[in-house]
Amino acid sequence: MQKSQEIQDGERRRLINAVLGEMHHDAEQRLAGEACLELVLSQDPRSDYSSPEKWLRMVDQKRANPSWMWIGWALVLLLSLASGFLVYGKRYQILDPFWIYSYSDSSSFSKIEDSELSVKEKLILNGFSVSGAKKLWDLEPENAAYFANYSLRLFKETGELPPDFLNTGRKIDPGNAWYNLVEAAYLSKDAVSQEPAGCVANVYKPYLGYLPSYKSSYFSYDIGPWGIDDLLSYKNGLSLLDEIEKLPRIENYQNQYAAELNHVYRSEKGMPKEVLGYMIRVNDQDHARMLEGGIDLLRAKVWDIGKSGNPLEFAKFCNQDLLLLRRMVECSDSGLIGQMVERRWIEMLVSETEMVAEKLELVDAYPWLSVMQMRLKEDHNVIADCLPVSHDSTGTAAAEYASRKVASNVFTFSMCVPRLAPVDISELKIARLSEIASFVVMCVICSWVIFVVSIGVISIYRFSVTWSTHRLGARVVKLLTMGDWLWIFGVGVLAPVSALSLMLFLCSEFLHQHLFVSAYIDVLGINFSMYLVDFIVFVLLALFLPVQISIWRLSRRVKVFGFKTAMPLGWASMIAAFSALIALVSQAPNWLFVSLALIAFCLLILGLIRPLLGSKADTFRCQVLARVTLTSYGFMLFNLAIFAMVACLLQQYWFEKDIFSQISSEEPAMSRYEFRVAEQLKRDNLNVLDLRNSQ
Numbered sequence: 001m002q003k004s005q006e007i008q009d010g011e012r013r014r015l016i017n018a019v020l021g022e023m024h025h026d027a028e029q030r031l032a033g034e035a036c037l038e039l040v041l042s043q044d045p046r047s048d049y050s051s052p053e054k055w056l057r058m059v060d061q062k063r064a065n066p067s068w069m070w071i072g073w074a075l076v077l078l079l080s081l082a083s084g085f086l087v088y089g090k091r092y093q094i095l096d097p098f099w100i101y102s103y104s105d106s107s108s109f110s111k112i113e114d115s116e117l118s119v120k121e122k123l124i125l126n127g128f129s130v131s132g133a134k135k136l137w138d139l140e141p142e143n144a145a146y147f148a149n150y151s152l153r154l155f156k157e158t159g160e161l162p163p164d165f166l167n168t169g170r171k172i173d174p175g176n177a178w179y180n181l182v183e184a185a186y187l188s189k190d191a192v193s194q195e196p197a198g199c200v201a202n203v204y205k206p207y208l209g210y211l212p213s214y215k216s217s218y219f220s221y222d223i224g225p226w227g228i229d230d231l232l233s234y235k236n237g238l239s240l241l242d243e244i245e246k247l248p249r250i251e252n253y254q255n256q257y258a259a260e261l262n263h264v265y266r267s268e269k270g271m272p273k274e275v276l277g278y279m280i281r282v283n284d285q286d287h288a289r290m291l292e293g294g295i296d297l298l299r300a301k302v303w304d305i306g307k308s309g310n311p312l313e314f315a316k317f318c319n320q321d322l323l324l325l326r327r328m329v330e331c332s333d334s335g336l337i338g339q340m341v342e343r344r345w346i347e348m349l350v351s352e353t354e355m356v357a358e359k360l361e362l363v364d365a366y367p368w369l370s371v372m373q374m375r376l377k378e379d380h381n382v383i384a385d386c387l388p389v390s391h392d393s394t395g396t397a398a399a400e401y402a403s404r405k406v407a408s409n410v411f412t413f414s415m416c417v418p419r420l421a422p423v424d425i426s427e428l429k430i431a432r433l434s435e436i437a438s439f440v441v442m443c444v445i446c447s448w449v450i451f452v453v454s455i456g457v458i459s460i461y462r463f464s465v466t467w468s469t470h471r472l473g474a475r476v477v478k479l480l481t482m483g484d485w486l487w488i489f490g491v492g493v494l495a496p497v498s499a500l501s502l503m504l505f506l507c508s509e510f511l512h513q514h515l516f517v518s519a520y521i522d523v524l525g526i527n528f529s530m531y532l533v534d535f536i537v538f539v540l541l542a543l544f545l546p547v548q549i550s551i552w553r554l555s556r557r558v559k560v561f562g563f564k565t566a567m568p569l570g571w572a573s574m575i576a577a578f579s580a581l582i583a584l585v586s587q588a589p590n591w592l593f594v595s596l597a598l599i600a601f602c603l604l605i606l607g608l609i610r611p612l613l614g615s616k617a618d619t620f621r622c623q624v625l626a627r628v629t630l631t632s633y634g635f636m637l638f639n640l641a642i643f644a645m646v647a648c649l650l651q652q653y654w655f656e657k658d659i660f661s662q663i664s665s666e667e668p669a670m671s672r673y674e675f676r677v678a679e680q681l682k683r684d685n686l687n688v689l690d691l692r693n694s695q
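At position 392 of the sequence shown (counting the first as 1) the number is 392 in the numbering used here, and the numbers step up by one without a gap.
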């Protein structure tokens with residue numbers, strides 16, 4: 001018995017000497033190391049010390065080559081930087097569906113001067129200022145689109161038109177009636193004005209019931225009498241409007257300029273998409289407002305007919321001037337705001353024309369006026385709060401999702417449009433997949449940050465021990481074979497990353513079937529509770545699995561140092577985490593299940609912290625485990641960097657197909673869907689005006 005004990009003591013002594021290795025030159029560190037190892041080995045005196053001692057001697061005989069560790073960390077750093085630049089370059093697409101109002105910040109224009117664009121391209125981007133628009137037109141004096149843009153900018157900023165505007169427009173763009181409309185609108189400033197509703201002359205008392213503020217869904221305006229302030233300007237303006245009947249077309253080149261803007265934007269990588277959308281939307285509104293004076297002339301004309309009481313002039317107005325309004329709407333290439341302004345023109349002019357018809361007792365002769373007015377009032381009672389979904393096989397979930405998309409994409413405009421443009425269920429799925437890809441990118445970024453912080457915390461703990469313990473831990477880690485590292489990297493790192501990628505990217509059938517599931521946690525206004533819980537479980541398991549697998553492999557290789565094969569708390573925590581995943585997704589309203597799930601998460605966190613940050617007696621084992629965990633977490637960063645790039649490219653793929661996010665040259669608007677809504681409103685406007693032919 002005594003002899004057996006002596007043999008075991010001798011093996012333990014040889015193992016200690018093998019672990020100490022080159023520390024024999026430093027007596028102080030050697031004594032500290034011996035004390036540390038004696039404490040660790042004494043906890044299990046029946047262990048077999050011969051196997052690790054032989055393996056350490058074999059390791060020492062090999063040539064040391066620690067450079068692969070530095071190369072690995074360098075690759076992690078370089079790949080993380082590359083991934084970061086890619087994600088940063090697409091940053092606007094991550095936030096685009098949620099924080100769209102950020103485009104109101106025009107600071108992005110400061111980047112234009114430093115870009116590598118040509119002089120013309122820079123001027124196109126700067127064409128929203130008077131000076132930029134003037135320089136752009138000077139660059140190509142025969143370009144009608146640039147002249148129209150310069151005229152618009154000057155009119156908006158100063159209220160004036162370029163010198164000899166009408167003749168210049170007719171010279172470079174003959175046959176275009178748009179210049180007549182703009183000149184007439186300019187003359188209307190001094191020619192006519194609207195009297196306050198409270199100061200209505202007695203002649204209007206028979207139809208005062210219409211006067212107190214006729215309100216549309218978005219705009220509020222007064223239906224009231226108009227007076228003529230400058231008779232000459234008034235007649236000149238009407239004469240310009242009468243000439244339009246002889247001109248073949250009305251074109252403001254709004255979409256042509258927007259297409260060039262979109263093309264330049266594609267070349268300027270530093271320009272956020274929100275800025276482009278903002279520029280297009282402002283351009284749309286400015287074009288519509290520019291022509292409003294021409295409508296004021298028509299409104300003043302119909303009120304003047306009401307004063308004179310001339311039924312022949314009224315008939316001429318209905319047969320000629322209302323047709324001009326229809327032609328303006330038909331030739332318009334305005335976006336959503338422009339079409340809404342044109343809707344307001346129709347509402348005002350139809351309402352006031354019907355009032356004059358009542359005063360002249362001509363309502364029966366023009367019954368279509370009442371039909372138009374009735375249609376307009378019916379449209380005001382329609383609340384477009386849910387998008388019509390065609391081929392809907394998902395029930396109300398898709399309709400609810402579509403309604404949320406409208407709220408985030410068309411904003412309050414959806415409450416001003418009587419009928420929204422329909423969208424196919426496949427397009428909704430693409431929009432949802434685009435959002436999921438954006439969410440995955442954010443999750444991967446958050447995961448990367450969490451692992452960087454974890455590496456920092458473990459590194460601080462790792463270097464907080466004595467130097468002798470630090471060196472002993474490095475020696476023991478050498479006992480792990482290539483097979484051990486493959487287990488740690490394969491199961492501990494690649495398994496959770498692969499599971500997440502399969503769950504979110506490859507299971508397309510599952511996503512298509514459960515794309516519009518109800519949820520109880522919103523992230524940036526979008527239902528993501530299912531994926532948010534998946535992400536939480538993924539992060540916890542990705543943090544935990546490498547630790548658990550490392551303990552298992554260390555127990556097989558160096559069990560003598562106190563590493564145990566079974567960690568009941570660890571495996572129980574993993575089972576609890578998967579149970580929590582099921583509980584939170586399927587039983588979210590049930591707070592009992594939610595509470596149990598939170599307890600499971602706490603167990604998982606405890607199972608993660610306990611082996612890494614143990615008691616003082618476990619310092620050596622924790623030091624060894626920390627070294628292995630740092631390496632596995634570094635490999636995790638490597639995989640997350642690749643995952644982030646793949647997710648970002650996938651997000652870009654779906655983003656390009658998403659009608660709620662993308663701008664195209666053919667459909668210039670804040671989004672392609674907004675352009676559809678504008679086209680739908682244009683059809684509705686024309687349908688109202690075409691009721692004139694229904695009687």
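The set of hints was computed from the structure by calculation and includes no laboratory data. Bear in mind the structure is a predicted one, so any value in this text is a computation, not a measurement. There's no promise every hint is true.
[Stated by the list, open to error] Listed next, the in silico DSS-like pairs over lysine-lysine satisfying Cα-Cα at most 25 Å (straight line):
#1 Lys135 to Lys156
#2 Lys316 to Lys235
#3 Lys171 to Lys156
#4 Lys156 to Lys134
#5 Lys189 to Lys156
#6 Lys246 to Lys171
#7 Lys189 to Lys120
#8 Lys189 to Lys235
#9 Lys122 to Lys134
#10 Lys307 to Lys189
#11 Lys189 to Lys122
#12 Lys122 to Lys135
#13 Lys429 to Lys359
#14 Lys235 to Lys359
#15 Lys359 to Lys246
#16 Lys156 to Lys120
#17 Lys156 to Lys246
#18 Lys478 to Lys429
#19 Lys377 to Lys359
#20 Lys307 to Lys235
#21 Lys429 to Lys246
#22 Lys120 to Lys134
#23 Lys377 to Lys429
#24 Lys246 to Lys307
#25 Lys246 to Lys235
#26 Lys135 to Lys120
#27 Lys156 to Lys122
Status of each hint after checking the structure:
A C-alpha spacing of about 17 Å is found between Lys135 and Lys156, which places the hinted pair at or below 25 Å, so the restraint holds. At roughly 16 Å between alpha-carbon atoms, Lys316 and Lys235 fall within 25 Å of each other, so this suggested pair holds. Taking the CA atoms of Lys171 and Lys156, the gap is near 23 Å; set against the 25 Å cutoff, the hint holds. At most 25 Å may separate the alpha-carbon atoms for a hinted pair to count; Lys156 and Lys134 meet this at roughly 14 Å.
Taking the CA atoms of Lys189 and Lys156, the gap is about 13 Å. The hint holds against a cut of 25 Å. As the CA atoms of Lys246 and Lys171 are separated by approximately 17 Å, the hinted pair is consistent with the 25 Å bound. Distance hint between Lys189 and Lys120 is unfulfilled; the C-alpha atoms sit about 34 Å from each other, more than 25 Å. Between Lys189 and Lys235 the alpha-carbon distance is near 13 Å, which keeps this suggested pair within the 25 Å criterion.
Distance check on the hinted pair: Lys122 and Lys134 sit about 13 Å apart at the alpha-carbon level, within 25 Å; holds. For a cut-off of 25 Å, the pair hint linking Lys307 to Lys189 stands: about 21 Å separates their Cα positions. At roughly 34 Å between alpha-carbon atoms, Lys189 and Lys122 are farther apart than 25 Å, so this suggested pair is violated. At roughly 11 Å between alpha-carbon atoms, Lys122 and Lys135 fall within 25 Å of each other, so this suggested pair holds.
With a CA separation close to 55 Å, the supplied pair Lys429 and Lys359 exceeds the 25 Å bound. A C-alpha spacing of about 24 Å is found between Lys235 and Lys359, which places the hinted pair at or below 25 Å, so the restraint holds. Of the supplied pair hints, the one linking Lys359 and Lys246 is violated, its CA atoms being roughly 32 Å apart against a limit of 25 Å. A threshold of 25 Å between alpha carbons decides the hint, and for Lys156 with Lys120 the separation of about 23 Å falls inside it, so the pair holds.
A C-alpha spacing of about 28 Å is found between Lys156 and Lys246, which places the hinted pair above 25 Å, so the restraint is violated. Under the criterion of a C-alpha separation no larger than 25 Å, the hint pairing Lys478 with Lys429 is inconsistent with the structure, at around 51 Å. A threshold of 25 Å between alpha carbons decides the hint, and for Lys377 with Lys359 the separation of about 21 Å falls inside it, so the pair holds. For the given pair, Lys307 sits about 17 Å from Lys235 by alpha-carbon distance, which is consistent with the 25 Å threshold.
With a CA separation close to 49 Å, the supplied pair Lys429 and Lys246 exceeds the 25 Å bound. Pair hint Lys120 plus Lys134 holds up; C-alpha atoms about 12 Å apart against a cutoff of 25 Å. Under the criterion of a C-alpha separation no larger than 25 Å, the hint pairing Lys377 with Lys429 is inconsistent with the structure, at around 35 Å. For the hint linking Lys246 to Lys307, the alpha-carbon distance of about 29 Å lies beyond 25 Å, and the restraint is violated.
For the hint pairing Lys246 with Lys235, the CA-to-CA distance comes to about 18 Å; that is within 25 Å, so the pair holds. As the CA atoms of Lys135 and Lys120 are separated by approximately 9 Å, the hinted pair is consistent with the 25 Å bound. Of the supplied pair hints, the one linking Lys156 and Lys122 holds, its CA atoms being roughly 21 Å apart against a limit of 25 Å.
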